[in-house]
Amino acid sequence: MADLHHHRHLNEDDAFALSFEGESAGRRDLANARRHLLECRECQSRVQALQIEARLARTAIEALPVPELSAQRRSQTLAAIDAAARPKGSVRRLWVASRRSLAAAAA
Amino acid sequence: VSDIRFLFEEYHDLLYRYLVRQCGDGDLAADIAQETFIRWVQDPPEDHNPKGWLFAVATNLLRDRARVRSRRLELLRENDGLQPIGDAPPDPADLAEAGLEVADARAALAELSERDRTVLLLYHEGFSHKEIAEAIGTKTHSVGTLIIRATKKFAAHLAIRRTAPSARE
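Residue numbers (the working numbering), protein chains in the order written: chain R, 1 to 107; chain S, 108 to 276.
Among the hints, a few may not be true.
If you anchor each label on the Cβ, the simulated ranges turn out as follows [to be verified]:
no.	chain 1	residue 1	chain 2	residue 2	range
1	R	A104	S	R174	23 to 31 Å
2	S	D110	R	L38	17 to 25 Å
3	R	A104	S	H155	40 to 48 Å
4	S	K237	R	R58	17 to 25 Å
5	R	E62	S	K237	47 to 55 Å
6	R	D82	S	T252	23 to 31 Å
7	S	K237	R	P87	52 to 60 Å
8	S	E218	R	E62	17 to 25 Å
Cut-off 16 Å, straight-line C-alpha distance, at most; resulting in silico cross-link-like pairs (EDC-like, lysine to aspartate or glutamate) [as the list claims (entries may be wrong)]:
no.	chain 1	residue 1	chain 2	residue 2
9	S	K246	S	E232
10	S	K259	R	D13
11	S	K158	S	E117
12	S	K237	R	D13
13	S	K260	R	E68
14	S	K158	S	E238
15	S	K259	R	E12
16	S	K246	R	D13
Just so you know, these hints were derived from the structure itself, not from any lab.
Idealized CB from N, CA, C, for every residue including glycine.
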């Protein structure tokens, strides 16, 4: 009875933790799953297949080209965000203030 | 403004790369990333992890754009002879130039459901399970299973395309 968990195949969560994240999963409850994996060829193949699929997916995704954002597009984005962050009416107030100071300077 | 600048520096490039991988279109990705930050400024969320919020909103915006695009294409099919305006689908010749492997990866991603694609891309952007759960609106403990399933489907679609050239047509 005490060894029953040794004979239980890995569930998807454990298979994930052992295939994708290995030791970095940092889960204390993986000890039984690790012990089971040492003894079970079926689970070893499952984990191995998952690791191959994960590597294939990572390579394919990382190979997707990402065009570099031009400096111009980046500053346009920042300007649009800054404009949206300004309190409503502040642009109008700034404009009125600048007109007044220009008028005062002219007088 | 300083908060949003900090968020921008911290997450903009990550968000842009994720969006490019989602849609394969740099201009569209830049537009959506901008719109996402503007949404944050206009209506900042309360008690929400900024990273999860930004990626969730960007994914929703992208979905809305895709809906509009597909409706537009439907209308074009109904009104044969009209040309699409903007946001044209990627040219197959460009895809060929970019290399078959990239074309295969894009096609395999496109075969996934939006949820699977999002989970897979966020995982490969280094998101934790908790962050993925927040971004897609699910429980943290389900994320491992979702990643496994998305990975298996993606790998299967890739394998089909690589082993059967007819699948590329």
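Range hint 47 to 55 Å (beta carbons of R/E62 and S/K237) holds or violated: violated, 23 Å
For S/E218 and R/E62, compare the CB-CB distance with the range 17 to 25 Å and indicate the outcome. Holds - the Cβ-Cβ distance for S/E218 and R/E62, about 19 Å, lies within 17 to 25 Å.
For the pair supplied as a hint, S/K158 and S/E117, is the alpha-carbon distance within the 16 Å limit? holds, 9 Å
Checking one constraint from the list: CA of S/K237 to CA of R/D13, max 16 Å. Satisfied? holds, 14 Å
Cβ separation of R/A104 and S/R174, checked against the hinted range 23 to 31 Å: violated, 53 Å
For S/K259 and R/D13, compute the direct alpha-carbon distance and say whether it is at most 16 Å. Holds: S/K259 and R/D13 sit about 14 Å apart, inside 16 Å.
Given the hint of 52 to 60 Å, is the C-beta distance from S/K237 to R/P87 inside that range or not? violated, 34 Å
Quick one: are R/A104 and S/H155 within 40 to 48 Å, going by C-beta? Given about 47 Å between the Cβ atoms, the range holds.
Given the hinted pair S/K259 and R/E12, is their alpha-carbon gap at most 16 Å? Cα-Cα ~12 Å, so holds.
Are S/K158 and S/E238 close enough, with their CA atoms no more than 16 Å apart? Holds, at about 8 Å.
Falls inside 17 to 25 Å, the C-beta gap from S/K237 to R/R58? holds, 21 Å
For the pair supplied as a hint, S/K246 and R/D13, is the alpha-carbon distance within the 16 Å limit? Holds: S/K246 and R/D13 sit about 13 Å apart, inside 16 Å.
Checked against the numbered hints above, the structure breaks hints 1, 2, 5, 6, 7, 9 and 13 and satisfies the rest.
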